[in-house]
Amino acid sequence: MEKIINDFTINIATANGTGSQSANLILLQSLFDMGVPVSGKNLFPSNISGLPTWYIVRLSDKGYQAPGDRTHIQVLVNPATWDEDLAALEPGSVVIWNSDTKKKTVEREDIISYPIPMTSMARKINTKLAKLVTNIIYVGVLAELLGIDQACLESAVAKQFKGKATAVELNTTALGLGRDYCKENLTKADPYAVEAREIETPKFFFEGNEAAALGSIYGGIQLLAWYPITPSSSMCEGIISYIPRLRTDDEGNATVAVIQAEDELAAAGMVLGAGWAGGRGLTATSGPGISLMQEFIGLAYFAEIPSVFWDVVRVGPSTGLPTRTQQSDIAMLYEGSHGDTQHIVLLPGTVEECFEFGWRAFDYSERFQTPVFGMSDLDLGMNRWACGGFTYPDKPMDRGKVVREKDVFEAFETFGRYLDVDGDGIPYRTLPGSGMDPILYRGTGHNPMGVYSEKPEDYYNLMQRLRKKIDNARDELPAPIIREAEACEVGIVFLGSMENSIQEIDDILEETGLQVSQCRIRALPAHSEVEAFIRRHEVSIVLEINRDGQLYGILRRELPNDLVTKVHSVAYSDGMPPRARIYAERILAKLEEVKK
Amino acid sequence: MRERPARAVKLNVLNEPKDSYTGGPSSLCPGCGHDQISNVIITAAWENGVEPHRIAKMSGIGCSSKTPAYYLGQSHGFNTVHGRMPSVTTGAYAINKDLLYLGVSGDGDSASIGIGQLIHAIRRNMDMVYIVENNGVYGLTKGQYSATADVGSKKKKGAANETQPIDLCAMAINLGCTFVARSFSGSKKQLASILKAAMSHKGFALVDVISPCVTFNNNDESMRSYGYVKDNEVTLHMADYIPHFNPMEEVEVPDGHFRDITLHDGSTIRLETISEDHDPSDAMAALTALHAAETGKKHVTGLLYFDATKPSLAEDLGLVDEALLDLPNEALRPDRASLDALNAEFFA
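Protein chains in written order, with numbering that gives the first Met the number 0: chain E, 0 to 595; chain P, 0 to 347.
Honestly, the hints are just simulated from the structure, not real lab data.
In this text the structure is predicted, and so the values were computed from the model without any measurement.
The beta-carbon is built from N, C-alpha and C at its ideal position, and this holds for glycine as well.
The hints are all genuine.
List time: in silico BS3-like cross-link candidates among lysine-lysine, alpha-carbon distance up to 30 Å: (1) P/Lys9 to E/Lys405; (2) P/Lys17 to E/Lys405; (3) E/Lys405 to E/Lys394; (4) P/Lys187 to P/Lys297; (5) E/Lys454 to P/Lys141; (6) P/Lys156 to P/Lys297.
Now the in silico label distances, taken between C-beta atoms and shown as ranges: (7) E/Met462 to P/Asp259: 52 to 58 Å; (8) E/Met462 to P/Gly317: 40 to 46 Å; (9) E/Gln514 to P/Phe345: 35 to 41 Å; (10) E/Lys61 to P/Ala330: 45 to 51 Å; (11) E/Lys400 to P/Val150: 50 to 56 Å; (12) P/Glu314 to E/Asp249: 18 to 24 Å; (13) P/Gln163 to E/Arg466: 47 to 53 Å; (14) P/Thr140 to E/Asn460: 27 to 33 Å; (15) E/Pro201 to P/Ala330: 28 to 34 Å; (16) P/Asp18 to E/Asn460: 28 to 34 Å.
Let the hints inform the model, and build the full structure from the sequences given.
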């Protein structure tokens with residue numbers, strides 16, 4: 000039997016709230032520390048405890064991070080999904096199962112079965128914590144079967160429990176028990192194995208939400224106003240967790256205000272209040288929260304108030320699938336609120352970019368005096384990704400056109416809050432408390448002096464200036480990441496967390512003989528390089544994780560007419576993190592359709 | 000800057016004329032109670048010697064919320080969205096706690112669409128003056144009843160209101176609001192004293208002002224008309240305000256019974272008993288007075304409830320002493336070494 004090394008997918012089926020997450024993270028971390036390219040996806044329910052949860056670990060020497068096409072090794076601990084999980088396995092798959100599970104067994108002849116009496120083994124170690132310990136036993140079994148390095152395993156345990164001696168001891172014992180059971184009772188009958196790899200560039204695991212939180216801290220956040228919602232809460236909690244270390248003085252006083260708001264409307268209102276007063280305010284939420292914030296978003300756009308909003312997208316519409324991932328808020332963010340609007344949207348695709356856009360969002364918002372959105376998603380935000388380290392901001396904070404000194408103010412021939420002095424659409428502002436140009440900010444129509452106006456020319460000119468202002472931002476925002484093939488045959492335009500599946504999709508497409516280029520959009524309004532990329536390619540596919548092709552819709556409207564026919568949409572979402580083959584097949588089908 | 004008039008004018012403690020506190024012309028209906036309140040705001044801010052540019056005028060949407068354009072022309076203001084002025088004020092306050100936040104709202108803004116935000120601003124004991132210009136109707140949309148309309152009260156057109164009203168003062172007292180007063184736009188002296196005291200208070204000061212709508216709700220059958228309120232006002236006490244910059248000993252001591260309440264900035268509000276003594280530290284007494292008035296179809300006015308013991312939002316936030324606005328950029332962005340240290344820990 001030929002070994003299959005570092006190229007398979009493990010699926011672990013457990014119940015939510017049983018402590019399986021820490022066991023799974025230990026498995027992931029130990030593989031990572033061996034230098035094995037690995038990714039983990041937590042598919043969890045909207046529930047505190049009891050409902051099914053799956054953890055998918057993909058090992059791939061090619062560095063593929065999407066969940067694979069199929070499961071090679073299935074761990075069965077949860078009786079609730081037992082039969083379905085078992086039935087879904089392809090012949091030849093491996094099943095590691097808890098043989099103490101009442102009324103459940105594994106009777107398929109076409110699979111490799113490893114029964115483990117997990118519960119009774121766990122009870123032997125600790126009766127009270129048997130449920131928790133069961134999980135770590137299957138990690139021990141996997142370690143033995145696959146050949147996971149014991150030192151890496153032990154350091155992962157220490158990392159997970161941060162040196163809590165009792166927990167470390169308990170888990171190490173359980174791991175050993177799992178290993179010993181394998182040695183004494185099982186004969187390896189499957190081809191799967193892991194092999195350590197040399198680590199060329201050191202990396203560590205990090206979640207997108209925590210990275211965006213840290214970036215916000217380095218962006219000089221002054222107010223965090225938030226309302227808890229999955230999957231964004233951990234971003235806010237991340238900010239809160241870094242304040243004592245990074246934003247607190249020797250007397251224990253903070254330079255960031257944190258207010259847990261009564262709802263998302265209030266959170267948005269607080270962020271606007273902060274921006275109006277001259278500070279850097281941020282809220283993080285998900286789609287339902289952004290829906291509630293729409294009115295304030297329009298006010299921020301129209302009254303030109305700096306404000307930063309992060310949307311860690313989950314599956315909509317409505318409450319949708321609260322613990323699944325999607326890229327379905329692109330249109331809502333770009334054109335948020337009633338009336339004609341257009342907003343700056345930053346689209347990080349990696350943990351490093353979550354950090355970078357975390358601080359840049361404030362600079363853009365103050366520079367352009369407008370709401371700025373960071374759009375991440377559950378997959379990027381809540382899963383752990385390999386990160387090469389965070390880079391310190393390469394430029395000082397940009398506080399925008401704020402007139403703070405009297406002599407500067409008096410040097411203006413005429414000062415008007417909404418006067419386009421520099422011709423770039425960005426006016427100057429003064430701050431409350433300064434006594435300079437005291438105006439009543441409003442969401443009603445106003446003239447360049449900030450005075451209420453319903454005059455047709457005032458309204459028209461204001462709306463044109465606002466359009467110019469945001470349009471001018473285009474090439475100041477992060478440029479797309481382009482990986483171009485030798486021949487510009489098929490261009491894939493995509494965004495955000497699809498970064499983690501794109502190389503696999505690209506490889507599947509190139510197996511058919513196509514030459515495929517990639518263009519990852521990192522901000523809206525789209526950079527002019529995106530247009531140039533599309534122009535260079537025979538045909539471009541806009542690839543996104545939603546039903547309607549929201550990014551495609553935006554590009555189609557903004558591209559010159561002669562390019563529109565070269566661009567096609569492939570949009571698909573079933574709530575799961577994108578699996579490469581599904582998207583690749585749809586791209587191929589679309590290309591066929593285009594040829595006709 | 001504004002040129003000083005040549006003739007001798009009365010100046011306040013900052014040597015500012017009252018003109019420094021006025022605003023643009025009002026576009027409300029002639030005789031509107033709100034305009035009277037605007038005038039009292041001007042007087043109160045001037046007499047209190049607040050620097051005009053250190054005030055932030057906050058409002059929501061509605062007739063009342065338009066009024067910040069008509070007073071304190073040297074102050075920045077923010078006419079926000081309907082019912083959401085408290086949250087915007089809270090965010091501004093977090094950044095610049097050194098301004099005096101003067102919120103003006105209406106009964107539609109505060110008792111309906113924005114009641115949640117009002118409640119939570121009270122709950123946080125947010126440092127602000129929150130004036131409700133309360134007329135029982137929606138004016139800009141042409142006279143629908145609001146949630147504060149009294150049962151049995153009838154506006155100019157349509158049937159009498161039969162829906163139970165929300166008494167914002169009773170609600171605020173129940174929520175532990177630290178300064179709760181009711182007044183009447185026609186009682187300028189009382190309103191001025193209460194507003195000045197509210198400006199000197201640290202914490203949330205709710206001032207619910209009955210302010211008749213001359214266009215839709217000033218008929219005889221209305222319980223919020225000028226005539227009705229004048230005839231049915233139950234005044235808890237005479238209110239006098241003695242600013243901190245005026246020595247107490249120079250103030251005339253009244254003959255009858257009175258209570259002095261010292262406010263956060265050292266000013267005093269002196270409450271002279273009229274008939275029965277009202278103790279503003281007694282929440283039950285305040286609720287009883289409100290209940291008795293409602294039962295008797297009366298309006299009770301005065302400082303209903305006061306509590307100086309609760310921390311305000313500023314203390315709860317645990318921030319540095321200076322306003323966050325005044326921090327230099329270097330204080331907001333941690334240094335490079337701190338990120339190097341974090342990276343090293345993550346790689347370890």
